[in-house]
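Asker: In case you want the letters, here they are:
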Amino acid sequence: MLPTPNLDHITSNDYENVYEPAEDTFLFLDALENDIEFLKNDVNPCICLEIGSGTGCVSTFLGQLLGDGSTLLLCTDINPFATAITVKTAIRNSIHLDAITTNLTSGLLPRLYHKVDILCFNPPYVVTSSEDVNSKNFIERAWAGGIYGREVIDRMLPLANDLLSSNGVFYLLVISDNKPDEICERMWRDYKFQFKISASRLAGREKQFILKFWRNQT
Amino acid sequence: MRLVVHNMLQCHVKGCDSNNFPLRLFDVELEIHEIEFNPQFLQSLLPKLDWNAFISTANQIGITSLPQALPEEIDEDFLKNLHRILFETHIMQGKMVCSNCSHEYPIKEGIPNMLLNEEEAEEEAEVEAEVETEAEED
Ligand SMILES: C[S@@+](CC[C@H](N)C(=O)[O-])C[C@H]1O[C@@H](n2cnc3c(N)ncnc32)[C@H](O)[C@@H]1O
Ligand SMILES: [Zn+2]
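Chains as they are written, first to last, in the UniProt record's numbering: chain A, 1 to 218; chain S, 1 to 138.
Because the hints were derived from the structure by calculation, they are not lab data. There's no promise every hint is true.
Facing chain S, from chain A, some residues (calculated, C-beta under 7 Å) [unchecked claim]: (1) P3; (2) T4; (3) N6; (4) V43; (5) G69; (6) N79; (7) T83; (8) D98; (9) G107; (10) L108; (11) R111; (12) H114; (13) K115; (14) Y148.
Covered stretches of chain S, going by a simulated chain A footprint (3 or more residues, C-beta under 8 Å) [stated by the list, open to error]: (15) 4–18; (16) 63–69; (17) 107–113.
For glycine and all other residues, C-beta sits at the position ideal for the given N, C-alpha and C.
Construct the complete structure from the given sequences, taking the supplied hints into account.
Answerer: Here it is as structure tokens:
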């Protein structure tokens, strides 16, 4: 087990503005680590993109797994505090990545059309009212997912189809409330993406899953 | 922001869909941060680069050591120079301006901000709405 990224540069003050890594984050790290041979040998990534990087823990870890400087690691977050801390986390762990403050992937398409080999998203997934999704409070925005916790996820799913390269993989964290079955069915129906549950765990009352998607190769 | 990332960004203002790439750089402050040379990775990235956009951007910030077209035969010296420009040259401050609609995207402390006024305006509208309801309650 590769040690998780060092986060000791982040203060409790910082965590008032950026999502603190939690069980969902660590489930993401586990899923990536379990897949490392597959990622290195079969995907052989050139461009990785994480949407909503928060502290940058996931992409930094991915950089450690793949080897620094062997891929382009791109991170976006709508929260400028998050992109700033993402860059610091990478530096703290001697990883090179690039962060962009934006809404999902705005500005990166069409340039990244079918060019992303590893796509990661730990979205705001908690069931809330629709208004909370556009909260001005960055912490609230980090978890507020609206109806079924699906409002941000549903905006992002079509982007996955635009972004993913022919042998790319897409990892998405969801909880039971998000109706994972329905997400998988939709990805198959609309984009012919294959899927499997890559990891899961019970966190309190909440069941968390990492869904993994890839293009049907026929 | 490194030049390789600049090569991936384009204006996304609604209705702005021609002549919106590459974004022109202004008032830039550059820094060089070294990173290990990885020719294999660099070669795999080359086909994903928009070379014309890259050359014109490099020219804008005074880098003129690159050929107008990607050479047929690529040697190590060429790759090392490319590595320096694409991966080690960071734009720390400045702005990117769309040639078509003139929208400005700031770069601060090395991070580009692609959020549109629209989104910001939406937030402001929400704040105003809140203020109004508060005023009504009073
Ligand atoms: C659940 S947190 C995950 C953070 C981090 N990846 C982790 O695993 O610890 C969700 C992140 O998505 C970001 N986010 C929410 N809506 C977004 C949007 N529309 N575009 C980009 N990022 C967004 C939040 O700011 C937050 O950092
Ligand atoms: Zn424009």
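Asker: Next step is simple, just say for each hint if it's right about the structure.
Answerer: Structure-based check of each hint:
For P3 of chain A, the interface hint is violated, the least distance from its beta-carbon to any beta-carbon of chain S being 21 Å, above 7 Å. Of the supplied interface hints, the one on T4 of chain A is violated, with its beta-carbon coming no nearer than about 23 Å to a beta-carbon of chain S, more than 7 Å. For N6 of chain A, the suggested interface contact is broken, since its CB lies about 19 Å from the closest CB of chain S, more than 7 Å. The interface hint given for V43 of chain A is broken, as the beta carbon of that residue sits about 12 Å from the closest beta carbon of chain S, more than 7 Å.
Given hint, G69 of chain A at the interface with chain S, holds; its Cβ is 5 Å from that chain's nearest Cβ, closer than 7 Å. Given the 7 Å rule on beta carbons, the hint for N79 of chain A is violated: about 10 Å separates it from the nearest Cβ of chain S. For T83 of chain A, the interface hint holds, since its Cβ comes within 7 Å of a Cβ in chain S; the closest pair sits about 5 Å apart. At its closest, the beta carbon of D98 of chain A sits 5 Å from a beta carbon of chain S; the interface hint therefore holds under the 7 Å criterion.
Against a cut-off of 7 Å between C-beta atoms, the interface hint on G107 of chain A holds, since the closest Cβ of chain S lies about 4 Å away. A least Cβ separation of about 6 Å between L108 of chain A and chain S falls short of the 7 Å threshold, and the interface hint therefore holds. Of the supplied interface hints, the one on R111 of chain A holds, with its beta-carbon coming within about 5 Å of a beta-carbon of chain S, less than 7 Å. For H114 of chain A, the interface hint is violated, since its Cβ never comes within 7 Å of a Cβ in chain S; the closest pair sits about 10 Å apart.
Hint on K115 of chain A holds. Least Cβ distance to chain S is approximately 5 Å, under the 7 Å limit. Taken as an interface hint, Y148 of chain A does not check out: its beta carbon lies about 23 Å from the nearest beta carbon of chain S, beyond 7 Å. For a cut-off of 8 Å, the count of residues in the region 4–18 of chain S with a CB near a CB of chain A stands at 8, and the three-residue condition holds. Chain A is given as covering the region 63–69 of chain S, and this is violated because 0 residues of the stretch bring a CB closer than 8 Å to a CB of that chain, at least three being needed.
Chain A is given as covering the region 107–113 of chain S, and this holds because 5 residues of the stretch bring a CB closer than 8 Å to a CB of that chain, at least three being needed.
Violation of the numbered hints given earlier is confined to hints 1, 2, 3, 4, 6, 12, 14, 16; the remaining hints are satisfied by the structure.
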